[in-house]
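In case you want the letters, here they are:
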Amino acid sequence: MRTIPVKLLIILCSVFLLNGCWDTKDINHRSLPIVMGVAMEDDQYNIHLQIPDPGTDTMQVRIVSETGETVSKAVDKLSADMESRIDLLHVKVIVIEKELAKEGGKDLISGFMRAREVSPKALVVVSDEEIESFFSNLNNTTDPQGTTLFDFFDKDAGWSPQIALTRVWEVYRSIHSFTRDVALPIIKSGDSTVIDHLGSAVIKNGRMVERIDEEETLLINAFHEESTHGKVEVMEEATVLIVGNTMDHKSRYIDQVPYLNSQLHLKVVLLETRGNPTDKEIRTSLETQLTNRFNEMFTKLQESKADVLGLGQYFREIPREELKKWRSEHYPKLKMEFEVHVVIRNEGQLKLGGD
Amino acid sequence: MDPFIKELKETFINSDDLFLHEEEILDVPVFLVGFKTLIDFTKTKVILQKYRETAISSKKSIGELLNEIGEVKEKDVKEAVSFLMTGKLLIVSNNRRKYVVIEPVPKMLNRAIEPPTNENVLQGSLSSFNEDIETNIGLIRKQINASNIRAEALSVGSEQKTKLSMLYFGGQADKKLVEKIRSSIEKNQDREINNLQNLAKALGFSGWSVISKVNTTELPSETVAFLRKGRVALFVDRYPFALILPCFLWDMFTLENDRNYPIPLMASIRLVRIFGILISLLIPALYVALVAVNPEVLRIELALSIAQSREAIPYPALVEILLMLIILELIIEASVRLPSTIGPTITMVGGIILGQAVVEAKLVSTLLIIILAATTIANSTLVGIQNSLAVRLFKYVLVILASIYGILGILGGIVLISAYFASIETFGISYLNLNYAKEGTKYG
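Just so you know, the protein sequences line up as chains A and B, in that order.
First residue of the first sequence: 1, per this note's numbering; consecutive thereafter.
First residue of the second sequence: 356, per this note's numbering; consecutive thereafter.
Bound-form chain A, shown alone (with noise of 0.2 Å):
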């Protein structure tokens, strides 16, 4: 009997003294970046960090960078360099110049997942221009928290339906998946706002393979039914704003060839008119320029086999062995068939033709 309360005495002893995680270190002592850039410089990685640093009163943003052999050392080298620990795992935005972009970044991507510093939700940017001068004009026009760039990307703040959105897992499933490829949003810092979007990277295998510009990141978000709300369309006849959006596919693979039929329903409000064009005039003009759109996009893609729309999804009875030669052989072959429907939800206070 007398020997429980000892044992529990040691248990509880070995609880406070071998857990080893006194080291803990407070919040206020950590540095939690928020932006992460990587860029390539002669075969070592250049990090920049933007770091929002809290006074008591202000907060400032500070950007500090290293280079390295790899990311790890350049953080570890700027974490002894600084005067509280770097924690990666805030880190939202991982910026990657173009320049990596196109050589690609497999190892870094790799290196993400395998680390655990950075959370595997952290969206991957392209950087239209040299990391050096986007986070110096970054921080010259920056919100005091820090935030802009994410908040740029968020969907509860700035995210408008033609940006791409693409985590750092989503890249990593990409390099290593035989049916699909992402999209990375290209930006670049802007003159009157702080970040001027240009459109996307298609990213094949960890390669930047071709460009695509909004109008058509917007068809591929819509394509994974992502919500297009808001996004104003403009034709001859009017504009009109998109308030939903839902896709349904057919596929069929029949000798060899893989077939599939897309179609788009949009719901749409009538904002301007030009003239006094019919509903159904509005509707087809909209149908046409989407679709057009859309072979457009597709045809390109085709050619840089690179399948951003993960079409090889659709075609389940493609066997494993086949389906590794998906973006090879069968993706140039598909034959796609891409039908938009447009429901006019709203025609505005004022009916249409009424005048």
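Please keep in mind that the hints were generated in silico from the structure rather than gathered at the bench.
Among the hints, erroneous ones may be present.
Stated by the list, open to error - Once the Cα atoms are required to be at most 20 Å apart in a straight line, the calculated SDA-like pairs of lysine to any residue come out as: (1) A:K25 <-> B:K717; (2) A:K25 <-> B:L673; (3) A:K25 <-> B:I668; (4) B:K584 <-> B:Q498; (5) A:K155 <-> B:I707; (6) A:K25 <-> B:V652; (7) B:K556 <-> B:W605; (8) B:K717 <-> A:M59; (9) A:K155 <-> B:V652; (10) A:K25 <-> B:L678; (11) B:K518 <-> B:R496; (12) A:K155 <-> B:L657; (13) A:K25 <-> B:L677; (14) A:K7 <-> B:K364; (15) A:K121 <-> B:L657; (16) A:K25 <-> B:L763; (17) B:K717 <-> A:N28; (18) A:K121 <-> B:E656; (19) B:K531 <-> B:N790; (20) A:K25 <-> B:I755; (21) B:K364 <-> B:M463; (22) A:K25 <-> B:E651; (23) A:K335 <-> A:R293; (24) B:K556 <-> B:D592; (25) B:K556 <-> B:Q741; (26) A:K25 <-> B:A667; (27) A:K73 <-> A:D107; (28) A:K25 <-> B:S660; (29) A:K333 <-> A:Y259; (30) B:K717 <-> A:D57; (31) A:K121 <-> B:E651; (32) A:K25 <-> B:L657; (33) A:K25 <-> B:E656; (34) A:K25 <-> B:V674; (35) A:K25 <-> B:Y760; (36) B:K717 <-> B:N788; (37) A:K25 <-> B:L641; (38) B:K717 <-> A:D53; (39) B:K750 <-> A:L12; (40) A:K25 <-> B:L718.
For chain A, the structure is supplied; the task is to place chain B on it using the hints.
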């Protein structure tokens, strides 16, 4: 002098409130023995006088008269002493071998029936138990007009006899449970019961259980509701509470008085109490975990503003929160101790310490003050002071685990607490029982 009287006198030496009053009843000299402090002597004498007069008119002998007015006992000092202690009047005559025990007019030493002091009642019956066990049982009988209420009188203690009473609904309460309680009290006849710890020992419970195994209430209306659900109520003399056995986790969230509201309101009030226990258990631990161990869980905006509020705070989060929690416990304890006239001073000083000064002196962060306030308020939503004390203690377990293992530690702590709850049983009935009433009716 009679040796019996002498012996009595010796037993109560230096007890000056014992009176030995010489009288003659029907020409026989007798001693009236009793305690001045327990007996209203004047009124008792008037009643005796009346008996005497009727006896004279109907020409009864002294033996007949004494038989009529009281209980005739053999002269046994030990027994006589215990009668005296319970406030009885003894009539001892010199030359007889017997004495008579009379129920005198007692001194009024009880409170009146008052509104409850520990439990606030909104829209419900207000009378509460007091120290007198018979009043309490009377209150129960008044509260519910049912013939199947059983009130078994028991008494415990070798030197000091304590009156106990066990109430239950015949046909509703589990017979085995009643039998177990009865036998464990009878087995512990020689234990003295002065407090609930003694009682818990007498019932065979461990004294080290954090969760009290008896539920206490001072409201007859609540007690009756428990009885109706097949529970057993124990009353201890001079203890103005009903002790409900067995006790369940769900009692922490429910009051019978809730049923005086419409069902949706009742459900939401109970939901608030469930939130109460969760918030008071989890929030301080979450603060430590999120600030010190796992800041990555926070949204970046929140993380930054917390970092900003903790700027220049000298202590690590654990020390900071323990410091403030202890000050808070001191304030709560002090406001219980203090007479109500100086109580507000403590609240005011405490409010200044907690609300302003500590933050301005940069000892703790502003966020912590919010956490503390939320914890304390949430803790008070629980039903039963013994339950909220237990939750107050469990909170520290979670805080310490959180400081070591972060969010994982909180999870581990919750598992630990749940396992502990699951391990508690009262006479073979689990603490986590949810529908005891329904099961209980089976035993009818």
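Here is how each hint holds up against the structure:
no. : hint              : result
1   : A:K25 <-> B:K717  : holds (19 Å)
2   : A:K25 <-> B:L673  : holds (11 Å)
3   : A:K25 <-> B:I668  : holds (13 Å)
4   : B:K584 <-> B:Q498 : holds (15 Å)
5   : A:K155 <-> B:I707 : violated (42 Å)
6   : A:K25 <-> B:V652  : holds (15 Å)
7   : B:K556 <-> B:W605 : violated (24 Å)
8   : B:K717 <-> A:M59  : holds (18 Å)
9   : A:K155 <-> B:V652 : holds (19 Å)
10  : A:K25 <-> B:L678  : holds (19 Å)
11  : B:K518 <-> B:R496 : holds (18 Å)
12  : A:K155 <-> B:L657 : holds (17 Å)
13  : A:K25 <-> B:L677  : holds (17 Å)
14  : A:K7 <-> B:K364   : violated (57 Å)
15  : A:K121 <-> B:L657 : holds (18 Å)
16  : A:K25 <-> B:L763  : holds (17 Å)
17  : B:K717 <-> A:N28  : holds (14 Å)
18  : A:K121 <-> B:E656 : holds (16 Å)
19  : B:K531 <-> B:N790 : holds (18 Å)
20  : A:K25 <-> B:I755  : holds (16 Å)
21  : B:K364 <-> B:M463 : violated (25 Å)
22  : A:K25 <-> B:E651  : holds (12 Å)
23  : A:K335 <-> A:R293 : holds (16 Å)
24  : B:K556 <-> B:D592 : holds (17 Å)
25  : B:K556 <-> B:Q741 : holds (17 Å)
26  : A:K25 <-> B:A667  : holds (14 Å)
27  : A:K73 <-> A:D107  : holds (14 Å)
28  : A:K25 <-> B:S660  : holds (17 Å)
29  : A:K333 <-> A:Y259 : holds (9 Å)
30  : B:K717 <-> A:D57  : holds (13 Å)
31  : A:K121 <-> B:E651 : holds (12 Å)
32  : A:K25 <-> B:L657  : holds (17 Å)
33  : A:K25 <-> B:E656  : holds (19 Å)
34  : A:K25 <-> B:V674  : holds (13 Å)
35  : A:K25 <-> B:Y760  : holds (13 Å)
36  : B:K717 <-> B:N788 : violated (47 Å)
37  : A:K25 <-> B:L641  : holds (15 Å)
38  : B:K717 <-> A:D53  : holds (19 Å)
39  : B:K750 <-> A:L12  : holds (17 Å)
40  : A:K25 <-> B:L718  : holds (18 Å)
Of the numbered hints stated above, those contradicted by the structure are hints 5, 7, 14, 21 and 36, listed in ascending order.
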